[in-house]
Amino acid sequence: MPGPHRTKDIPKNISSFYSALTQELPSAFQSKQEQQPLMANPDTEVSGGGEQKKAQGENAEAGNPAIPTCQQKVKARLLLLLSYFSGDMEVFAKWMKKQFFLLQLLDWVLRGAAQVMFVNNPLSGLVIFAGLILQNRWWALNGFVGTLFATISALILQQSRGAIAAGLYGYNGILVGLLMAVFSNAGDWYWWLLLPNTVMSMTCPIVSSALASINSRWDLPVFTLPFNILVCLHMVATGHYNHHFPQVLIQPRTEPANITWSEVDVAKLFTAVPVGIGQVYGCDNPWTGGIFMVALFISSPITCAHATIGSAVGMVSGLALAAPFEAIYFGLWGYNCVLACIAIGGMFYALTWQVHLLAITCAFFCAYLGSAIANIMSTFGLPACTWPFCLSALTFLLFTTETNTIFKLPLANVAYPERNLRFFWKLRKKEKLEREEREEEKKRDEEKWRAKEQELLGNNKELLRMERIDGKEKGDGMEGKRMNEIMIQEGEMMEGP
Amino acid sequence: MPGPHRTKDIPKNISSFYSALTQELPSAFQSKQEQQPLMANPDTEVSGGGEQKKAQGENAEAGNPAIPTCQQKVKARLLLLLSYFSGDMEVFAKWMKKQFFLLQLLDWVLRGAAQVMFVNNPLSGLVIFAGLILQNRWWALNGFVGTLFATISALILQQSRGAIAAGLYGYNGILVGLLMAVFSNAGDWYWWLLLPNTVMSMTCPIVSSALASINSRWDLPVFTLPFNILVCLHMVATGHYNHHFPQVLIQPRTEPANITWSEVDVAKLFTAVPVGIGQVYGCDNPWTGGIFMVALFISSPITCAHATIGSAVGMVSGLALAAPFEAIYFGLWGYNCVLACIAIGGMFYALTWQVHLLAITCAFFCAYLGSAIANIMSTFGLPACTWPFCLSALTFLLFTTETNTIFKLPLANVAYPERNLRFFWKLRKKEKLEREEREEEKKRDEEKWRAKEQELLGNNKELLRMERIDGKEKGDGMEGKRMNEIMIQEGEMMEGP
Amino acid sequence: MPGPHRTKDIPKNISSFYSALTQELPSAFQSKQEQQPLMANPDTEVSGGGEQKKAQGENAEAGNPAIPTCQQKVKARLLLLLSYFSGDMEVFAKWMKKQFFLLQLLDWVLRGAAQVMFVNNPLSGLVIFAGLILQNRWWALNGFVGTLFATISALILQQSRGAIAAGLYGYNGILVGLLMAVFSNAGDWYWWLLLPNTVMSMTCPIVSSALASINSRWDLPVFTLPFNILVCLHMVATGHYNHHFPQVLIQPRTEPANITWSEVDVAKLFTAVPVGIGQVYGCDNPWTGGIFMVALFISSPITCAHATIGSAVGMVSGLALAAPFEAIYFGLWGYNCVLACIAIGGMFYALTWQVHLLAITCAFFCAYLGSAIANIMSTFGLPACTWPFCLSALTFLLFTTETNTIFKLPLANVAYPERNLRFFWKLRKKEKLEREEREEEKKRDEEKWRAKEQELLGNNKELLRMERIDGKEKGDGMEGKRMNEIMIQEGEMMEGP
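Protein chains in written order, with the UniProt record's numbering: chain A, 1 to 497; chain B, 1 to 497; chain C, 1 to 497.
I should point out that these hints are in silico values taken from the structure, not numbers from a laboratory.
Heads up, a few of these hints could be off.
Claimed, not checked - Calculated from the model, a selection of chain B residues having no Cβ within reach of chain C, i.e. all distances over 12 angstroms: (1) Ser86; (2) Gln99; (3) Leu105; (4) Asn413.
Said to hold, decoys possible - A partial selection of chain B residues facing chain C, derived with a Cβ cut-off under 7 angstroms: (5) Ala322; (6) Asn375; (7) Ile376; (8) Leu398; (9) Glu402.
All C-beta atoms in this analysis are idealised placements derived from N, C-alpha and C, irrespective of residue type, glycine included.
Can you make the complete structure from the sequences, with help from the hints?
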């Protein structure tokens, strides 16, 4: 992992903003890039460390001249401590690089567990595993096995080390492991299930890499598409009546749902919000959902806020489309919206209020799409998985507009909402500075030209006067021509360079 | 809208034909282009105005020397009047640009209504709305609401003004509005329907823009894919048993159709042709279909002819595949073929007789595909919408061949069949002229070289003769070498530059 | 066909290896390439002739100095004879080019029949037709009609002559013809079937060309996707209850399969291997499968081996997923794996042992996918066709890795496994040579620099000594500085250029 020489590149990256912007898209076509753009470039996440430290350094410098009070000291300490655990914990990632391989692998697995929610943070991953254990220990085991083998498979298949270390090969594995356990009809602790679990999670990096080859053409991440493909594959290939690996029976709705609006339970509707967040990992325990919210908050408050908004939007959509209350209480209307709202709201777009509105729109669209996909998939005995999230988020990332308040980050610069925002602001500032500089230069040039012009005009007028005296003697035709020449000269000067 | 400075570009565009052809495809990769290539570049449609005027100007010039008779004058007047209403009415579009915003919006909505059939003409749009009102006023209202909100949404989302003004954001809206009303099971004048109608049509520009980002890589339009996606989305998300927005019940065929060939009604088969055209907008009234044909004829007779051919092909295919007669009478076999035949026959390819045959082939393929897709979609309780048209037209536009009689227009130059043809002819003429010029130059060069060659050869031969006299004295070996040198020199000259 | 001037290009191609590798991918974006990259570039297949001849020439040269014994002579003769019939028989292809058109067409049709298994060899095609006749003469006739009309259609549509001559437009035709006969419910010798058969096989080149336009962006072949699309199209468009062209009834499984492990018939499991190969062409006769294996062996033993491995993997997967025994015996678990294993194992990747393992993995993945797709398609009354093969092979071809032992051949250089391997080895050798050269150059440069350095150092040291003597008189500060300067100079020299 290119740690030290990467941090040097940051000022360069920012100073060469214009070239970056123009080169970003063509370079997306290059085949080399296809090998790593799964969801976010992990190199830049590491390089961000330098940035963060610098920021702290500036804080320290700003604090130095005036002698800091005790409170200020404590605050600075706390902020420093916070910076070690929030965001993508890249100080920890750097320290990890010198550790024992198994410890590193554990770090990658934990990051993989959190990457389902776009969080690259081992602490969040640990909290999430705690939530999973609270829900169901067998599921948690399957999730762990899935993440572990997906990561190992990526190592065997020699995928980009940076992406592996960011957990980008693990998050599909954990979902594959968890959901295969959730949808298995053989009951908990059916140990044979670990066999297809291992096989399917080891296939994850292959499918991820193949999809990345396609999506990278549009600078798009693969999201949880590999998980969706592989879990649907497993469920349809075996089915409800399989002897070895039976699946739960899912059947299409064939009669009107029995909905009585007076029976709606408002308290349950409120718990549907954390349950919706829990359902991202297939968990219906509201406490587990709450723990997941804490895990999100540790890394990025913006992500946590959008997750909550997304879940609420999903719940409201369910009511608007007259869905059965049980499905809403169970969080089935929430989890796709949670992911879609996080992805659009600050993760792949820089967060402005227009983007915030776009994220909410996307969540509504996702809820609608979720209902549609669930109905279609049930024909094949399949759950909706996170197809609605993937398709709606991809649609909203492919969407282009002429406004510059909706800025899609280059995939290589995606980190977490707070840093994405900082990146966006820097670009804007740089842009503004350059514009101002160019304008100033233009002004200076204009002034120079005007001065020169005045000077030349003076000379010319003098010449003219002299010639006029001469011309009086020679005749009028000559003088007229001369006059024209000078006027043309003046005109040219006016235009400047 | 870049009106005046665009017209200047036309001669440049045509003169730089070679560079245009070679740069066309790479530029399709540029991200900037992705923002506007929905179906046809509206800028060129406007710029075409200059061309048309020029053509009129030439007519005028040609007519001036000889004093025009009264008949000729009347004819010229009529042609001029015709040019104001036919084609894409860009004189009107230019005049509109200076008008009140609401009037402009009305122009865009009317163009949007006609763009379903690839017609960029507000008069056609007005006629089409008349046809819709004749069919069903509630449907017409829904169609209007759909077009209006789709256009407004595109304005809010800051999409390309040119594309909006050409109605390219409206045509999906009108279809969404109409078909949601057609497939609603809640009966006419169920006012709540306007709610999802508005939401879905406002989502149109997002889906359009996202699909354009993908399709522009192959220089392909998005056709009615956004409509297909969104109407299917709405219908599947709600379904037949929904409490708020129930859909009509569509079920797969599970038993043989009852077909008695003696019962076929030839008169009804003939009315199936206009009904097929009407079914593009979901209308089964043959008079409405007839009005739509008039609307097409106003803008482009070629389009009208291909629409009729397409509808007839669909009807014949239905008979060939032993479809139930009711479906054929109802125009369900026609509407996709109508659209496919228009798209291939002169709209996106320059119309030659090979392209005409290709368009008929495409219509047959589309009918076949239509039957297949209708059967598949019925499993999910869905109608076929215009998926068959989209897929077959995209297939036939992706198709490449080594013949130069099948010329696919660059998406930015697509206007209406008649102008596309003019564009194609100009290219051909230019190409021919350039080829002739190059050949002439080559000839001239060859002549020059031959002259020089002769001269040099004469000199050399003289030298040779002189040396031969000398050589006789010196020896033979030397002379042989010299002889070879001259022969090589001659050989080189023969080859020329 | 660019025969003679192509053979010249080979040394150039190989010498310009680096430029080739760097230019290969960008050129895949060029639109011109889109016209021919269906499965393998036929031009290089022809050009390969020169290579093969050269190899023979080298053999002959190596044999000349020592007088060959009778045995060696016989062996050489046999090898020469073998080279005429194995591989892609391009000596024969060249000879064919001067023959009567109908004979050429027959050659193309036979090559088309064999290209289903990626074999470009008319003799294999003949053997395959023999196998088909053994299975069912009506099917064989339909297959022949399909290949013939697909090839003729490609000629009419002016597709690349090279691709047609390599049978790349025929293989989808034979599958369309065969499988339409296999899945027809109207019984054998229902002559009307030839009508849709002809129509569908004539549509093949259009669909092939369209898909190639898309897939060429990722340098991918179209495989049997056109066949899959068109046969599914025909089957769904008509269906089981059609009056003209009824299809066999395929229904989804709705109850547990009755599997008793003691009833497994081991002999039948073994015959399932050749039957699986036969099922590629829809044949369930094990002898036909055996004949197909011979056809593969004639052209390429590696292909034959991978076909057998693939079929075995499919059979094992069926057992592992508890599939009904009848389906396994019938070869339904084998044919997709056969194709996937051939495609990955040496055809589109250069065969190393890592690629061999990848091919086996792909075969397992394909078996899994096959089960899933068969279940989904049965909902629509459709067979799985070769969708599982296409999707799994495309996934494994899109997969990228950082190891250089998995080398994906540029599509234009794909021929048959043995020659692909030779191409790969040459590239490696070339690469190695260039690396060594560069290293040697570097060494030489370094030596030069060291020599210069030593010289300069010597001069400097002398100067130093002289100055030291002077310095003693002047003082110490000056000398120290001087010393530093020299040391810096030395350091710079050490680093070299």
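Consistency of the hints with the structure:
no., hint, verdict
1, Ser86, "33 angstroms, holds"
2, Gln99, "42 angstroms, holds"
3, Leu105, "38 angstroms, holds"
4, Asn413, "16 angstroms, holds"
5, Ala322, "4 angstroms, holds"
6, Asn375, "5 angstroms, holds"
7, Ile376, "6 angstroms, holds"
8, Leu398, "4 angstroms, holds"
9, Glu402, "5 angstroms, holds"
The structure is consistent with each of the numbered hints, conforming to all of them.
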